[in-house]
Every structure is written in C-alpha cells, then in structure tokens.
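Trainee: What follows is the residue order along each chain.
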Amino acid sequence: EADIYQTPRYLVIGTGKKITLECSQTMGHDKMYWYQQDPGMELHLIHYSYGVNSTEKGDLSSESTVSRIRTEHFPLTLESARPSHTSQYLCASSEFWGDEQFFGPGTRLTVL
Amino acid sequence: GQSLEQPSEVTAVEGAIVQINCTYQTSGFYGLSWYQQHDGGAPTFLSYNALDGLEETGRFSSFLSRSDSYGYLLLQELQMKDSASYFCAVRGQGGKLIFGQGTELSVKP
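Residue numbers (this note's numbering), protein chains in the order written: chain G, 1 to 112; chain F, 1001 to 1109.
Do not rely on the hints blindly, as some may be mistaken.
To be verified - Sample of chain G residues facing chain F (criterion: CB under 8 Å; computed from the structure): (1) Tyr10; (2) Met41; (3) Leu43; (4) Leu90; (5) Trp97; (6) Gly106.
What the hints assert, rightly or not - Only pairs whose alpha carbons sit at most 30 Å apart, straight line, appear in this in silico DSS-like list of lysine-lysine: (7) F:Lys1096 with G:Lys18; (8) G:Lys57 with F:Lys1081; (9) G:Lys18 with G:Lys57.
What the hints assert, rightly or not - So, partial list: chain G residues that the calculated Cβ filter (under 8 Å) puts toward chain F: (10) Ser84; (11) Gln101; (12) Phe103; (13) Pro105.
Derived by calculation from the structure, the hints in this document are not laboratory data. Beta carbons are placed, not taken as given, at the ideal position from N, Cα and C, and that holds for glycine.
Work out the full structure: start from the sequences and follow the hints.
Mentor: Right under this line is the structure:
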C-alpha cells in the first residue's frame, strides 16, 4: 500500500543534540516537503524538493537542513537542537506542483 | 506579500450546513485547496479549485471566485466526526502551498 512514513513519532531531547527526522514515501512522488506546525497554528513550509539532489528553503526560516539522495527518502536534520525548535514537523509528498499533498503522521519534537 | 484569512472557529450542530470562508492575497495564484486536520494529526486533502465555480465531493463542496480572491468550503449533513481544523491553502508561484491559520469546527449534538 502506497504511503508516507515518519519516524520517530515523538522525540524528547536535550539542548545541543543533533537529530534527524526521517521521512519516506512509497508513492514514487518527485515533490516532497517539510512543514513546521505549532499547536493550533498554520503549517509553515520550511523545505521542499523537486526531486533527487534538489532541495530548496521554504518560506519560514529554519536552522534545519535536508537532503534528497533517493526519491523515496527526505530526512531533516537539526545540528544543534534548541528549545525554540519544539514543534510538530510534518512531511508531505505530491506527484505534481499544487497537486494533492499526502502528509505523514508527523514528529512531535520537544527540546528541553 | 501573501496572506490568507479564514475564521478561527465555527460551531454548528449535527445535521446542519456550515460554510467556512477564505480570502487570499498572493503574488501569484494557481488554485485553492482545502485540508482537514483532526487534533494535530496528519492533514488530509479535501478539494482543489483551479477555476471559478463549485466543486462537489459527497457532503463537501468547495467554491472559488478568482475575481474576488475568495473561496469557501461547504459541509453538509454535519456529523460529529467532522469536528476538526480546516485549512485553506493557496498554490502560489513555484507551486508551493501557503496555508491559512485554520478554522476549528466544533460539531455539537
């Protein structure tokens, strides 16, 4: 079954740690996205990718980085986590621009 | 700049009809989408309007007026499970989606 996965679902870490949030999709989509969402607020695009070896920064400035070495995999890395990074991170993919985006279940990150 | 406005919350009773409005200002416009999100879970796609008019999918309909920079989501025969947040999103330049702040819909018995 085609789907989009995120791990971990929940993560609590201390300040200064390096973390990688995983995102994988089995739909063969070229377009992938990372959004940041605080409780009760809108989704903010922080990174996106046109395809393999292509990454772009989104509209919300973020200290995270991403990579796209394989079509199905789009991990997000924080080199040194801070309490201000506490949020929910949602990964999504789509076949075309502006098309229906399929979202993963999200990772709830808490930095102490 | 780019901005979307939608009401922060709406309350309705089971079986009723509710309309959630969305007005937008963008530097480029290619379509308006609607997403549903239950209690911080994954947003799920509901509809997409690229052209003016009404699109109907079961109990949900979505409308777009490009000249008025306005759209709405219409939910009919409301059910308790429809209680969720609803986001409008504009497809702007570069194909990226810009989301509104979301409307929290509460359906009462």
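Trainee: Look at each hint and say if it fits the structure.
Mentor: Cross-check of the supplied hints:
no.: 1; hint: Tyr10; in the structure: 12 Å, violated
no.: 2; hint: Met41; in the structure: 7 Å, holds
no.: 3; hint: Leu43; in the structure: 5 Å, holds
no.: 4; hint: Leu90; in the structure: 7 Å, holds
no.: 5; hint: Trp97; in the structure: 3 Å, holds
no.: 6; hint: Gly106; in the structure: 6 Å, holds
no.: 7; hint: F:Lys1096 with G:Lys18; in the structure: 28 Å, holds
no.: 8; hint: G:Lys57 with F:Lys1081; in the structure: 36 Å, violated
no.: 9; hint: G:Lys18 with G:Lys57; in the structure: 20 Å, holds
no.: 10; hint: Ser84; in the structure: 19 Å, violated
no.: 11; hint: Gln101; in the structure: 7 Å, holds
no.: 12; hint: Phe103; in the structure: 4 Å, holds
no.: 13; hint: Pro105; in the structure: 5 Å, holds
Comparing the model with each numbered hint stated earlier shows that hints 1, 8, 10 do not hold.
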